[in-house]
Amino acid sequence: MIRIDPAAARRLASPCILFLAASLAAACAATSSGGGAPPAPKTSPFLPLGTEPTTNEDVLVITCAGLDTILGDPRDAGLLRALDLLDERIAELPHDFKSDPPPPGVLELLQLLGAPHHLRIAVDATAKTGGGPPLRAELRFATGDPAGAAAHQQTIDGLLANAGPLQVQPSADHPGLEEIALPWFASALFGKPADSGDFVLAYGGIDEGGLGLGSLDLPAGVEPTLAFKLDLAPVQGLIQGILASGNAEAREAAEMLDAFGILGEHPLWLSAACGRRGDRGFASMRFKNWAKSELGRGSVSGPPLTEGDYRRVPADASFATLSRFDPDGIPDLIRSMSQGGQDPFVLVQSLIGIDLDAELFAHLGHASGLYMSDTTGGGGILSGVAFWSLRNQEGMRTTVEKIATMLNGIAAAEAEGRVRITARDWEGASMHTMTFPGVPVPFEPCLALADDTLFLSLTPQAAMAAVRQARGAGPALLDDPAVRSLLPRAPETLQAMTFVDSARALRDGYSAAALVASAISNAVRSPGAPDRDPGWILPLFNELAASAHAGLSVSFLDADDLVTLSVNDGSAFANIASLCGGPLSPAIAVGILSGIAVPAIVQRQEAAQRAQRQALLQHEQARAEAEALRQQLEHGHDDDEHDHDGHDDDDDDHDDDGHDEARSRA
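Residue numbers (my numbering): 640 to 1305.
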């Protein structure tokens, strides 16, 4: 295998880590300015949307500015330092685990993908494919100088030398490139185009035109560090040709692809990008024809959010997400995703007697949300409140009471009264609380119905505070000027909004971020090379908190397209800590509780099952012994009757024999 200069190799990383780092750097940690965050800008960092993305024959386009650029924030220098060591650690894994090494060239190719590059796959009728599908693919590394391209050329030459005899010759159509004859269809091209600092790997030819990404909906002046576009319209003909066999499986596959927008009148089209400007991170995504797709039914659709929807969220929320959806489309979406042909709603109704169509979704409104706040309990997980707007509050009340009656009946039969749904009225709100009489369970989940809204919380106090908040008892989220200043457009045009109070979330999530940092550092350290150590990679808490930026993510419909825009902190580590202390904190808490509670529950269940099996065995043994005793008694009774009859006969015979013997002696 060809050897690569370690100093150069450390500048690169595997694509999976590259993607993870990019996602973290552009994560939508939408944040309010509370809790000590720097003042938010007076105007929105977003500018009006760009022009419609260009239309061409590209199926997939990916462009990456390289890991150095993605993790360019000074606070992420330690993370970049650790990821630079990843390839050396991967090379050691086969020795550590006594497994076979990866195929020659795999690590080298992964290292190449860590450099700035772009990938392009397109449908091209003029592609030189030797009779194969009319596809053209190109992977281009922008090294920036001929020396860098020559280094890539040397790497590929070494890989080809290890691959055995291949037909390699200079390309007649592309000066500077070499051509490899492949065992199928076309030939592959590689090399440094003349007068270029790029290095190219291609199939089916080379297109010197632009990438055709068009507008990526990023703010002006923000260059994308990672972006992609996926458009399946050009390959619809190819897919339909593959599925033209006409058998049942092909027809089912075509129906599924059509349902999810891959085939049909409006094929799947998606673009996304992230970038940085100063210490801010930005991200964008556009899903064309979302409103006409199957995925758009029931999710982030329907009329936009209203002022009343925003007022349900307190201004001191540490995390909040709101969205509009179409409740009437959800049942059809669930049915379309079910397998086996059985209607899942019919199954549920047969099990619990609830018609989900008529008794649940028919009562729901278009708005839903989830938040944690100081108002509802200090901002932690127990302050969490989920809510749904209602079209028919009385109908939902009837459904809730029906479910409560059913659960109380089950609890009375199975839990001996130790679980109970208690109904109360509080300030005009109908409250249903799950209680555990006689058992010190530290939870009391609550469901409340008030003012055409359904609230669900882990404590009754959170539900009560949420009801008062919805009635205007305190300032709302959009009453904070810093939050409003981040909106790219009027709030009444939005379909969804998410934010995390970065400064507050950092306090709660820094410990989890420290665990992540230690895991990354330990993963790249070497048992046999102690000098290879990234050191401490997590910045001090005060360094992260001092520059924590407010952020926001919004989604809206642009004609039939769903557009999502995000602004957040430019540091990957700041976003990791914010996510762990905000939207991911419930998942982390559930994970910890599950790690503690699930084994105990499983052990309790196994013990109960063992006791049940033992009781059943003892019952069977007792039944068998009783049956044996019954049979023995019956058999003994028959023997007694037989013995009694036999004794009379013997006596008669004995008397006759004795009489004859006496007569003989006389």
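No wet-lab data here; the hints were simulated from the structure.
Fair warning: there could be bad hints in the mix.
Stated by the list, open to error - The following label-pair restraints were derived from C-beta to C-beta distances: (1) S1165 to V807: 34 to 40 Å; (2) L1154 to Q988: 42 to 48 Å; (3) S854 to G876: 52 to 58 Å; (4) D971 to G836: 51 to 57 Å; (5) A889 to S854: 36 to 42 Å; (6) R974 to A1129: 31 to 37 Å; (7) F1180 to Q793: 41 to 47 Å.
No experiment lies behind these values; they were computed from the predicted model shown.
The beta-carbon is built from N, C-alpha and C at its ideal position, and this holds for glycine as well.
Tested hints:
no.: 1; hint: S1165 to V807: 34 to 40 Å; in the structure: holds (37 Å)
no.: 2; hint: L1154 to Q988: 42 to 48 Å; in the structure: holds (45 Å)
no.: 3; hint: S854 to G876: 52 to 58 Å; in the structure: violated (27 Å)
no.: 4; hint: D971 to G836: 51 to 57 Å; in the structure: holds (53 Å)
no.: 5; hint: A889 to S854: 36 to 42 Å; in the structure: holds (37 Å)
no.: 6; hint: R974 to A1129: 31 to 37 Å; in the structure: holds (36 Å)
no.: 7; hint: F1180 to Q793: 41 to 47 Å; in the structure: holds (45 Å)
The structure does not agree with numbered hint 3 stated previously, though it agrees with all others.
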